[in-house]
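Trainee: Letter by letter, the chains look like this.
2 protein chains.
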Amino acid sequence: MSGCVRCGANIVYTRRYSGESLCSSCFRNSLVEKTRKTISKYHMIDYGERVGVAVSGGKDSLSLLKILQGLNQFKKNELVAISIDEGVEGYRDEAIAHAKKLTEELHVQHIIVSYKELFGFSLDQALDWKDERDISSCGFCGVFRRRAIDEAAIKADVGVVATAHNLDDYVQTFLMNLLHGDVERIGWLDPTYSDDSFPIRRVKPFMEIYEEELALFAFLSGIPFQSVSCPYMHEGLRSEVRDYLNEMETNHPGMKNVLLRSSLQVVSKLSSEAGRQSIPCTVCGNPSSSGVCSVCRMKDLVNAHVKYPK
Amino acid sequence: MSGCVRCGANIVYTRRYSGESLCSSCFRNSLVEKTRKTISKYHMIDYGERVGVAVSGGKDSLSLLKILQGLNQFKKNELVAISIDEGVEGYRDEAIAHAKKLTEELHVQHIIVSYKELFGFSLDQALDWKDERDISSCGFCGVFRRRAIDEAAIKADVGVVATAHNLDDYVQTFLMNLLHGDVERIGWLDPTYSDDSFPIRRVKPFMEIYEEELALFAFLSGIPFQSVSCPYMHEGLRSEVRDYLNEMETNHPGMKNVLLRSSLQVVSKLSSEAGRQSIPCTVCGNPSSSGVCSVCRMKDLVNAHVKYPK
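Chains as they are written, first to last, in this note's numbering: chain A, 1 to 310; chain B, 1 to 310.
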């Protein structure tokens, strides 16, 4: 019986798109190596730079923290883990506990900021207004989460935040932007995109790795899986797009990766024109396109519609 | 009971994406008007120009011929119908008969060219080699059809050929190019795209009209539906993409149209760089990128693999 193509040991995984069969150790090493190459190819992180790592406490972000901490080239890059507590009962507490445990094990500073402290309400409270709004829960939460990450990054004194978005997330977002008509946002997907309305640079070191492979990485590395998913995750277009791309990949192994390559080519054509002129929000001073930033507009909406205990 | 929003007559169709309910006459007029606007918006046809109309004999192409002939602005544009007989037994004969009947009714010149006369084999004969090739039947047929349309257009002395590609076809092709990694071809989807490797301009006057609406137009106009579909149509990626987009449209009425708008924006960014330097094919003299055109390369493949009666 044939073994791992690299070392001959027992096979744990075969890549359908390439036929490559790997043992546990070589499989995990291949993802570490891929992460290193992605960071290098897109010049994601500067030598010596302090790096924020957005750690939700899910398998992908815990793996990201572990891999970044382990990569030799980052021995000179101090990491700070950043967790956002959106306030989703029965879901986020477990994740934050996993994040705490891993940051303690790895001796990484851990900063937690909550929607409650930043905005005055939890996500559960903000979404209590569901029937009357025409924005998905994820769209709603995303606006607040981006701001929360910026605030935490400033607190952590980092200029760049690495998030655990994987290849699946990337191509889903690309397709969703097309299906929503948000062509401007496609430019923002450029791996090296930045403009003055994004105070903190974002990078995605896992953007070239399949979600399925990251799940196996976490399992093989003994990283705890969270037992529940976000109760809001099945709302909105993303779950439809996710199912569709999974079906495509089953029928045509490697197709998500081809779509990533296409997306990157399209993104590079659009990114140069995606730059936005921002003006300070008259309410909070953060960058905005129209004089009031989307966070302040959404906060107003929530406060006008939701009755929650002060 | 409320009637057609334009004239009050009995409703035959309600547009789910807009809620607009129309009677038969106003519905048909709306498509004629949309076709006229699309042609005008993208400057598809010059005043007085001789126009080839690719008429497969399916409902869409018969409707296109009928609408173009009826549009006042084209009274000065002589139309020539062009049909390609690929040689698909039990399928193309019926379609060509429909095309003949309509061109006679409309007093439009009709030019028919066949794969057999142009290339020496029918599509049925060319595809007899299926098990050993890694290109879909549609990919195969498309290469020959494009050349056949060019040859017919030269014979018909027209500088532009209108094809009946509809909105569904357009967004399917856009997505397929992304999923195949053919980003260069996305630029070719520009409604006004041309370069020196395309000797005859192509335009798509139906590119902003849903396939479903064209089917209803043909039915209401008494245009005959072909009773069978192409026996090769379920091969390849297109049918998967078609099913997916239909499901999306059902769940989110209007989404195909949003995707069209996004596609057009992306296409416009890519078209300026899609231009190809062509050199004459050393075999047949037609434009090629590499010295031997794709038609001659495919003909060689067919001749090497297929035994067919001379």
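For the record, the hints were derived by calculation from the structure and aren't laboratory data. Since we're looking at a predicted model, the values are computed, not measured. Warning: the hint list may mix true and false statements.
Identical copies go unnamed one by one, so any copy, or any two together, can satisfy a pair.
Stated by the list, open to error - Lysine-lysine pairs mimicking DSBU-like chemistry, simulated, CA-CA at most 30 angstroms apart:
{"hint": "1", "residue 1": "K41", "residue 2": "K75"}
{"hint": "2", "residue 1": "K269", "residue 2": "K37"}
{"hint": "3", "residue 1": "K41", "residue 2": "K116"}
{"hint": "4", "residue 1": "K76", "residue 2": "K307"}
{"hint": "5", "residue 1": "K41", "residue 2": "K269"}
{"hint": "6", "residue 1": "K269", "residue 2": "K155"}
Trainee: If a hint holds in the structure, say so; if it doesn't, say that too.
Mentor: Here's how the hints hold up against the structure:
no. : hint         : result
1   : K41 to K75   : within (19 angstroms within a copy, 58 angstroms between copies)
2   : K269 to K37  : both (23 angstroms within a copy, 29 angstroms between copies)
3   : K41 to K116  : neither (38 angstroms within a copy, 51 angstroms between copies)
4   : K76 to K307  : neither (48 angstroms within a copy, 67 angstroms between copies)
5   : K41 to K269  : both (18 angstroms within a copy, 24 angstroms between copies)
6   : K269 to K155 : neither (34 angstroms within a copy, 39 angstroms between copies)
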